Amino acid sequence: MSEKYLLSSVKNAMKILRLFTHKQKELGITEISKKLNISKSSAHRLVSLLVKEGFLSKNPRTNKYRLGLSILTLGGVIFSNHELYKEALPIVKKLVHTLNESAHICLLEEDQVVYLFRIESSQPDRLLTYIGRKNPIHCTSEGLCILAYQNKRTIEKVLSKKLYAYTPYTITDPDILKNELKKIKKQGFAISKDQFYVGYVGIAAPIRDYSGKVVSSLSMIGSTARMTDDRFPVFIEHITQAAKSISEHLGYIDGK
Amino acid sequence: MASQNKKRISSVENALKILKSFSMDEPELGVSEIAEKLNIGKSTAHRLLTSLASEGFVYKDINTNHYSLGASILTLTSIVSSQLKILNEATPVLNVLTEETGENSHISILEGTEIIYLQKIECTYPSKKEYTHIGRRNPVYCTSPGQAILAFEDEEVIEKICSQPFKKYGPNTITSPEQLKEKLLKIKKEGYAVCNQEFQKGIIGIGAPIFNEHNKVVAAVNITGSTKRINSINIKQLIKKVVNAGERISELIKQRKTKQLFGNDD
Numbered sequence: 067m068s069e070k071y072l073l074s075s076v077k078n079a080m081k082i083l084r085l086f087t088h089k090q091k092e093l094g095i096t097e098i099s100k101k102l103n104i105s106k107s108s109a110h111r112l113v114s115l116l117v118k119e120g121f122l123s124k125n126p127r128t129n130k131y132r133l134g135l136s137i138l139t140l141g142g143v144i145f146s147n148h149e150l151y152k153e154a155l156p157i158v159k160k161l162v163h164t165l166n167e168s169a170h171i172c173l174l175e176e177d178q179v180v181y182l183f184r185i186e187s188s189q190p191d192r193l194l195t196y197i198g199r200k201n202p203i204h205c206t207s208e209g210l211c212i213l214a215y216q217n218k219r220t221i222e223k224v225l226s227k228k229l230y231a232y233t234p235y236t237i238t239d240p241d242i243l244k245n246e247l248k249k250i251k252k253q254g255f256a257i258s259k260d261q262f263y264v265g266y267v268g269i270a271a272p273i274r275d276y277s278g279k280v281v282s283s284l285s286m287i288g289s290t291a292r293m294t295d296d297r298f299p300v301f302i303e304h305i306t307q308a309a310k311s312i313s314e315h316l317g318y319i320d321g322k
Numbered sequence: 003m004a005s006q007n008k009k010r011i012s013s014v015e016n017a018l019k020i021l022k023s024f025s026m027d028e029p030e031l032g033v034s035e036i037a038e039k040l041n042i043g044k045s046t047a048h049r050l051l052t053s054l055a056s057e058g059f060v061y062k063d064i065n066t067n068h069y070s071l072g073a074s075i076l077t078l079t080s081i082v083s084s085q086l087k088i089l090n091e092a093t094p095v096l097n098v099l100t101e102e103t104g105e106n107s108h109i110s111i112l113e114g115t116e117i118i119y120l121q122k123i124e125c126t127y128p129s130k131k132e133y134t135h136i137g138r139r140n141p142v143y144c145t146s147p148g149q150a151i152l153a154f155e156d157e158e159v160i161e162k163i164c165s166q167p168f169k170k171y172g173p174n175t176i177t178s179p180e181q182l183k184e185k186l187l188k189i190k191k192e193g194y195a196v197c198n199q200e201f202q203k204g205i206i207g208i209g210a211p212i213f214n215e216h217n218k219v220v221a222a223v224n225i226t227g228s229t230k231r232i233n234s235i236n237i238k239q240l241i242k243k244v245v246n247a248g249e250r251i252s253e254l255i256k257q258r259k260t261k262q263l264f265g266n267d268d
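Top to bottom, those sequences are chains A and B. The numbering used here applies: residue 67 is where the first sequence begins, and numbers increase by one. The numbering used here applies: residue 3 is where the second sequence begins, and numbers increase by one.
Think of the hints as simulated: they come from the structure by calculation, not from any bench. Keep in mind that this is a model prediction, so the values were computed, not measured. Don't take every hint at face value.
Computed Cβ-Cβ distance ranges for the label pairs, DEER-style [as the list claims (entries may be wrong)]: (1) Thr-220/A <-> His-216/B: 36 to 46 Å; (2) Glu-157/B <-> Gln-189/A: 44 to 54 Å; (3) Phe-298/A <-> Glu-116/B: 44 to 54 Å; (4) Gln-189/A <-> Asn-90/B: 14 to 24 Å; (5) Lys-218/B <-> His-163/A: 32 to 42 Å.
Backbone N, C-alpha and C fix where the C-beta goes; we use that ideal spot for every residue, glycine too.
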């Protein structure tokens, strides 16, 4: 039996887990088999294994499946070990309290940004970000802000991929983006307006670890109706200051 | 065919076991360590890790060649949290409890022979490394949330827990089922559980039960803190705050119209 075949069952098991979303929290065997284009018996076998290890649980009322508590255990491992999470939380909370827009800490994972955490404001906003969500780099302030500080190879790699135009304002020309990255690095913050979603603006500043390496970004994202151009300086000042303070908590010493 | 099926199943099981081998103490693991833990070949471990990485469940640090849990887990975690309806009622109460007591507070439920923490609110000055974090499983018989739930559970559940061997975790861990049963009766009478260094040396936990609209125990609220901070002078006050928090959350659950508590179980 081929190794490839064995591993395809592992991948399918992981794909089953990833079928669950905030919008679709319950799935039946038939739905799962259709979505992954696998037989119902395969779907059933994989689901049973996932249930056995606590990754899925069956809702006895609907006979459908939901994500199980083993997921929560693994999530807890990630959070409790992320120094960044512990150091940043109180600072980000204060920032949100001051400016009343939602704030996020992101990391780069391959060619996307992933949200490590999000503190919500009281503003009703479209959910463009949530914990664990992945968004593109080239059209978000939080992504560009981290990318600007990476080495040439990483930048080339990200920009060599097809850059999708999410809105009419998305910059998809790698050369223009490279200039933008230089500008971000020089000024120490990134702004992305209408480039990922029309009517929304993001402002981000870099977070450095003890070695000075930019590992993540702190950003605020909100409606352009509230975060108007004339208020940008206030946001920039608070966000860069908070990002600097988080960096210091992580052991970064400015000018080292 | 039977052996092929078995092989396929074991590779999925091993992949899931790899995910579970990451812990608070070992958040990063190398291929050899994983192979050793699961008692599988290094090349098998490597292939499984590559498959897991392709779906974002593990992440390889190219500088250290070590693996850690990946972003897919974070995405799924936020979905699971949103399913836990009890947190809607409990989180605001926990926030107040931590603010008023200055100690870490948690919500836990019983799952099999363990408790699992669904929520944790950290205090400003944690006293030392405590073995509690969201999603962590701890034993029932030597933790305050475990005892607070167990005391109000059916005889059957108590017997099941008591039939397991009790490992000695802390200096005061109860290791005899009879002694535990005696303590559970006292907890049931008083409405709260105090675990003084039963699970961790230097740590005291105070737990109280949470009940649903049928007056069935469904969870526990507790605080934990160092024996230096929680002592005979302030413990009465702290117990009262924890018990009040338990009552408040129970009240809020009863007020909620929907009968479904965790989504997963009715």
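Consistency of the hints with the structure:
{"no.": "1", "hint": "Thr-220/A <-> His-216/B: 36 to 46 Å", "in the structure": "violated, 56 Å"}
{"no.": "2", "hint": "Glu-157/B <-> Gln-189/A: 44 to 54 Å", "in the structure": "holds, 51 Å"}
{"no.": "3", "hint": "Phe-298/A <-> Glu-116/B: 44 to 54 Å", "in the structure": "holds, 50 Å"}
{"no.": "4", "hint": "Gln-189/A <-> Asn-90/B: 14 to 24 Å", "in the structure": "holds, 20 Å"}
{"no.": "5", "hint": "Lys-218/B <-> His-163/A: 32 to 42 Å", "in the structure": "holds, 39 Å"}
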